[in-house]
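Numbering of the sequence shown is given in the working numbering, commencing with residue 756 and proceeding in unit increments.
No lab work stands behind these hints: they were computed from the structure. As the structure is a computational prediction, the values presented were derived from the model and not from experiment. Don't be surprised by glycine CBs; every beta carbon is placed ideally from N, CA and C. One should not assume that every hint holds.
To be verified - Here are the in silico distance ranges between beta carbons for each label pair:
#1 G994 x E1241: 29 to 37 Å
#2 G1048 x P956: 23 to 31 Å
#3 R1325 x T1040: 38 to 46 Å
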Amino acid sequence: MPPYQDPALPVEERVTDLLERMTLQEKAGLMFHTMLAMNTDGSPVEDPAAQPGGVPTTEMVQGRLMSHFNLLGGAGPRQMAQWHNRLQEMAAETRLGIPVTVSTDPRHAFTDNPGTAMLAGAFSRWPETTGLAAIGDAGLVRRYADVVRREYLAVGIRVALHPQIDLATEPRWSRISGTFGADAGLTSRLVTAYLEGMRGPGSGAESVACMVKHFPGGGPQKDGEDPHFAYGKEQVYPGGNFDYHLAPFRAAIAAGATQIMPYYGVPVGTAYEEVGFGFNKQVVTGLLREELGFDGIVCTDWQLLNDTRIGPHHLEAKAWGVEHLTPAGRALKAIEAGADQFGGEACPELIVELVRGGLVGEDRIDASVRRLLREKFRLGLFEHRFADPDRAEEIVGSAEFRTLGESAQRRCLTVLTGDGVLPLPGRPRLYAEGVDAAVAAEYAEPVADPAAADVALLRLPTPHEPRTGGFFETFFRAGSLAFDDERLEEVLAVLEAVPTVVVIRLERPAVIPEIAARAAALIGEYGADDRAVLDVVFGRAAPRGRLPFELPRSMEEVRRSRPDVPGDTRDPLFPLGHGLDIAI
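Please model the complete structure; the sequences and the hints are all you need to start from.
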């Protein structure tokens, strides 16, 4: 047995032994962390047309010697565990047998976006992260993270590409639902609990590592646009609030975070170079490593180096500020900045080219590979590389975990108006929109016309402006936070016809002063199924949520506000922290 395979030896000794045995190609493979699909029967995808990036699984594991993969999509828990095990078998057949590390974006809530989060599917379903913030209970967040950890472990997922601890200070930003809201203090407390829950009570073999994102805080986006797209690359600080956005990362590092992801954005009008954070040496080395003392893994956000395709869809490399560089030149700049790993890329030959061309010393590559190996050993992957499909079926989406998630969905609902109206009594004649008719019939007598109803219930989505720039862009709900005139008139017509409870999804803050003024009751939700909503409306469950961000009064005030400053709109319709307790 070579020393690196001996679990009795200290981690650093095992890392050193393995590193000394590795070829440059093997080291380069470790520095790439890309997306990988699976077939629904649990087999690896070998058809290039069905694989993100177009590279068969076997080629990535055994040809390019990669061993970090972000699972895109999924299947049942048994199939996911079987897929993971097949990857590990492939990896075990390579010269050194370095195990695979599987990661995932969040998959325990309601968001369906291939670039940020996936529907819960077989996993227990909880509110979005903003919903956990609306509850504000660190103990619940720790329990939630513990459930996520146990379900991930059951199918072989060992790295969470979350939590997202950006601050929701720009109301129009499309990624607010993944945050803990606008308050840096609350976010700092909750990320600490989150990391504790994901670490678990036992050894590293029972832990899931978290890749905390997006350093140094991705919230203050100019005009609320997202830097997944060139038009949203500017990150601005007109309020001088850079340090406010940094505060949750200080807390995460103090709580033992081992992986951090910089965002795509370009800092504008600061002392830092105006290039994307993943290429920014002043930010990654100067701020994160030297000032904050972080010595864990820095993995870039996805697809900084190459243009790519997902099926028929072309995606531009997010090389903001260094668009003029070649993929090799971009890789060199990111390595010089302090990055250890490239997300969403599968081109280890670039690293080999840079070293053999004398542009990067192999000792610099060794520094990154040492960090990456250390995490694999710390997680116990060399000794515990396989998942148990039977246990996966037993654990994932268990009755206990589903009950906990459903309770959180109810608890986080935020009553904005309606004291004295809620809960609704008896079994009224109910006109409903956006609610499953069969579920509504469990609580009331459904009617098809507001004129025939005693009360109405409207479930509304967050207002947004649909984008037409391509398949991927359509998943990012951005733009205006107000309903257009036609839709607003339709909603107000119902409110005028019958007393109405409006339940609005707060994926982002919504601008709804007319609706708030005319609704009999107004409830904000952050990811909840129909039964969770109706249980609260009819008094079967108690809502306890508080707004994790303010709701502005007008789009004019949103445009006037500073994107790096929390609660910066004048005279908000509902302030940060607003919420009513309803007796049941």
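Handout entry: Hints that the structure is at odds with (numbers, increasing)
Key = none
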